[in-house]
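Novice: Given next are the chains, with one letter for each unit.
2 protein chains.
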Amino acid sequence: MLDSAQDLFFSKGYEATTVADIMEQAGVSKGGFYHHFTSKDDLLEALVERMAARALARLQPILEEKGLDAVACMNAVLSRSRQLKAEDAPVIRATFDIVFRPENVALYHRLNRAVNRVMMPLFVDIITRGKMEGRFRIDDPTTTAEIIVQLGASTYNAVARAIEAIGTPQADEAAAALDERLRQHGLAIDRILGLPDGTLVYSEPGFAKAVLNVPAGRKR
Amino acid sequence: MLDSAQDLFFSKGYEATTVADIMEQAGVSKGGFYHHFTSKDDLLEALVERMAARALARLQPILEEKGLDAVACMNAVLSRSRQLKAEDAPVIRATFDIVFRPENVALYHRLNRAVNRVMMPLFVDIITRGKMEGRFRIDDPTTTAEIIVQLGASTYNAVARAIEAIGTPQADEAAAALDERLRQHGLAIDRILGLPDGTLVYSEPGFAKAVLNVPAGRKR
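In order, the protein sequences belong to chains W and G. Each residue of the first sequence is one higher than the one before, starting from 1 at the first, in the working numbering. Each residue of the second sequence is one higher than the one before, starting from 1 at the first, in the working numbering.
Next comes chain W alone, as it looks inside the complex (with noise of 0.2 Å):
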């Protein structure tokens, strides 16, 4: 069911798929749907938790790498989720396409909790590592890193701004100011992980414009 709705979102649109069109592609009753799912935005929800699950397997390794200490493995993920976006880079954007609409804010928000419930435990992991290395000055690494993935919600005007943006002659002016944003969003968590200014690397520059800067759909 989640493969035929992501095929139909991505074909027909978000707003222009309908629980019936994802239920005769799925092959499913109204029961077989509703046994599972809410609503379409229920069903979204269970796609983009699906999506951060997949991604967070492929962080996950970097873990297990020897060698690395807490910020040096903090960066290593942050390069790595980077890389994964501009792979991932039409899905992103078909997904940010209906995510970032301003009618949209408060599945934005939905959205944006689960995949931070998925992320949690990575990040609670590498900042108690962080803190037992005396590298972190911070006291509850669980309280940290929750602090840390909500705090991503704050780049959501940039992100709307840059998305927007797109297609206009304005586009790689918003673009790098998205990627500025990030540098800032960077800053911000060094600050509260007690490390000096710039020893995470939350953007590169063009950054923003290779994961936006791409037709909507599957696969590149």
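Please note that a few of the clues may not be correct.
The list makes no distinction among identical chains, and a pair is therefore deemed to hold if it is satisfied within one copy or across any two copies.
Cross-link-like lysine to any residue pairs, in silico, SDA-like; alpha carbons within 25 Å at most [to be verified]:
#1 K40 <-> A106
#2 K66 <-> P169
#3 K30 <-> V201
#4 K131 <-> N157
#5 K209 <-> A76
#6 K66 <-> S79
#7 K131 <-> G198
#8 K209 <-> G27
#9 K30 <-> D179
Since the hints were made in silico from the structure, they are not lab data. Note that the structure is predicted; figures quoted are calculated from it, not measured.
Following the hints, position chain G against chain W.
Specialist: Below, chain G alone, put in the same frame as chain W:
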């Protein structure tokens, strides 16, 4: 219409109040209601915006007080804000009872955004001053204000737990845990602004209990 709705929400409860109830109590037609609001949630957002605007009006004069540097000003705003919350405890409790229900998490984020929109200029003003005074080590005051107001949402789980515990033997413990969580919130903001730990006071022991352990209602 806002007053009528507020009365009904507090007497009958938010879920039990219908748009028809509000129209009847306020003596407005269906056309009159839908001219101003698209739904009951939309009206609640307007109500919360009005509460935030009233709070802002009582905080704003602090910025005009002579002899306060940005740190003193921020702490005065935080302290007056706690005082207002304690005074309005029954109203806040009633609002939280609606907003922190698990099924209303999207509504929580919507209302949180509305409050943040109202409060942003106050924080931009203080943060700009702190940067000019050389006390806040930050780049862009607007971005920093955006980060700080958004960070409030990271306390969601701790507030939800404290509300859930009201009336149980764990109530005091959960309220104390929320006070501690707010203290850690303050530390994160100290760090983001480049201030020594403990500069800004976001909580006091007993504050959460004073706000939450009151009966929900209009006024004490």
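Novice: State for each hint whether it applies.
Specialist: Here is how each hint holds up against the structure:
no., hint, in the structure
1, K40 <-> A106, "both (14 Å within a copy, 15 Å between copies)"
2, K66 <-> P169, "neither (46 Å within a copy, 46 Å between copies)"
3, K30 <-> V201, "neither (47 Å within a copy, 54 Å between copies)"
4, K131 <-> N157, "between (32 Å within a copy, 23 Å between copies)"
5, K209 <-> A76, "within (21 Å within a copy, 42 Å between copies)"
6, K66 <-> S79, "within (17 Å within a copy, 48 Å between copies)"
7, K131 <-> G198, "both (19 Å within a copy, 19 Å between copies)"
8, K209 <-> G27, "neither (38 Å within a copy, 53 Å between copies)"
9, K30 <-> D179, "neither (44 Å within a copy, 47 Å between copies)"
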